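> When we follow my numbering, the leftmost residue of the sequence shown carries the number 1, and every step to the right adds one.
Keep in mind that the hints were calculated from the coordinates and are not lab data. Not one of these hints is a red herring.
As a list, the in silico DSS-like pairs of lysine-lysine whose alpha-carbon atoms are at most 25 Å apart: (1) Lys159 <-> Lys124; (2) Lys209 <-> Lys286; (3) Lys13 <-> Lys209; (4) Lys164 <-> Lys176; (5) Lys289 <-> Lys209; (6) Lys209 <-> Lys194.
Computed from a predicted structure; not experimentally measured.
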Amino acid sequence: MRQHLELGQFLRKRYDGFLNESYVRHEISVRSTDYDRTLMSAEANLAGLYPPNGEQVFSPNIKWQPIPVHTVPQSEERLLSFPRRDCPRYEVLMNETEQTEEFLNITADNQDIIELVRNKTGLKTTTVDSVWSVYDTLFCESRHNKSAPDWVTPTVWAKLHLLKDFGFRVLFGVYKQHEKSRLQGGILLGEIVKNITQVAGSKEKQHLKMMMLSAHDTTVAALQVSLNVFNGKQPPYASCHMIEVYSDENGSLSVSMFYRNDTSVEPYSLQLPGCSLDCPLKEFVKITKLSISEDRDKECQLPSIESNKEVIITLAVAGCLLLVLIVILFVSIVRHKEPLSSRGYRQIINQGMPEES
Numbered sequence: 001m002r003q004h005l006e007l008g009q010f011l012r013k014r015y016d017g018f019l020n021e022s023y024v025r026h027e028i029s030v031r032s033t034d035y036d037r038t039l040m041s042a043e044a045n046l047a048g049l050y051p052p053n054g055e056q057v058f059s060p061n062i063k064w065q066p067i068p069v070h071t072v073p074q075s076e077e078r079l080l081s082f083p084r085r086d087c088p089r090y091e092v093l094m095n096e097t098e099q100t101e102e103f104l105n106i107t108a109d110n111q112d113i114i115e116l117v118r119n120k121t122g123l124k125t126t127t128v129d130s131v132w133s134v135y136d137t138l139f140c141e142s143r144h145n146k147s148a149p150d151w152v153t154p155t156v157w158a159k160l161h162l163l164k165d166f167g168f169r170v171l172f173g174v175y176k177q178h179e180k181s182r183l184q185g186g187i188l189l190g191e192i193v194k195n196i197t198q199v200a201g202s203k204e205k206q207h208l209k210m211m212m213l214s215a216h217d218t219t220v221a222a223l224q225v226s227l228n229v230f231n232g233k234q235p236p237y238a239s240c241h242m243i244e245v246y247s248d249e250n251g252s253l254s255v256s257m258f259y260r261n262d263t264s265v266e267p268y269s270l271q272l273p274g275c276s277l278d279c280p281l282k283e284f285v286k287i288t289k290l291s292i293s294e295d296r297d298k299e300c301q302l303p304s305i306e307s308n309k310e311v312i313i314t315l316a317v318a319g320c321l322l323l324v325l326i327v328i329l330f331v332s333i334v335r336h337k338e339p340l341s342s343r344g345y346r347q348i349i350n351q352g353m354p355e356e357s
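Using the sequences and the hints, build the whole thing.
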């Protein structure tokens, strides 16, 4: 909560003069996943972004004002929660990822840690891409001044940290990253690009100035992988990926991106591969289009057994029809020639033998 309050205060300073000092509901839209922690993060952030002033102070004892945060039930979340497990093709890609040389080598090199985690935690299933959750739990506890178990030595901690970062890469990259992006982070990227282009293409004055999304470390990672700017490390608490649209004096639009994952330094500039830091909007749309699926449901489909049966049946029927056609054609040719042959045979009989009565 303190970290997000500080992030909100940072955003207030960064966009001061762009966003109204007092909260104006038409200027900002806030959406969160339907988890207590992400909803609370958004609310703490907004407390720093919009401290109440003047008429917005509804109680002198509370330096806070309620600001809407929208969400949908977890079962209906299609935009902010990744990885989405509703895609058969993605599951195939994950299985194939586990057969890659890099994955197998990492597994072999860290088998001792994997076995240690299994024995010490009692988890029945521990793999390279799941053991990171143990690190995540230990990290959360350490942030709240809890002591780590005795078996978590500095060496073990370092290896768990390595596996944790690799686990994030496995989810969205390592193998066929581009295709994974189209099925995962490209969903969010597509929504962002759509909103940017709608605002840019509108001739009317835009009241909406900021869209704030409160989600998860995996959400940030999925988005950054789809943009090909992911640094390979788990996004820390209160990380913020900013996508900003600028208009110059001539009305030309450009897109700039920044990543804030460290409060001790200014946000890092992120450069979209194939474009400049201040990427022209048209180029931004063109480049990102490769990571955005136009029909994700179709791309997620796998050839089903029934479909294969239909193909086989269709080919068999076509083959039978072709065979029947050939037979009919052959019979027609034979019948066409048969009368000539029969007349010739009768003529020979007639010439050499008397006619029968």
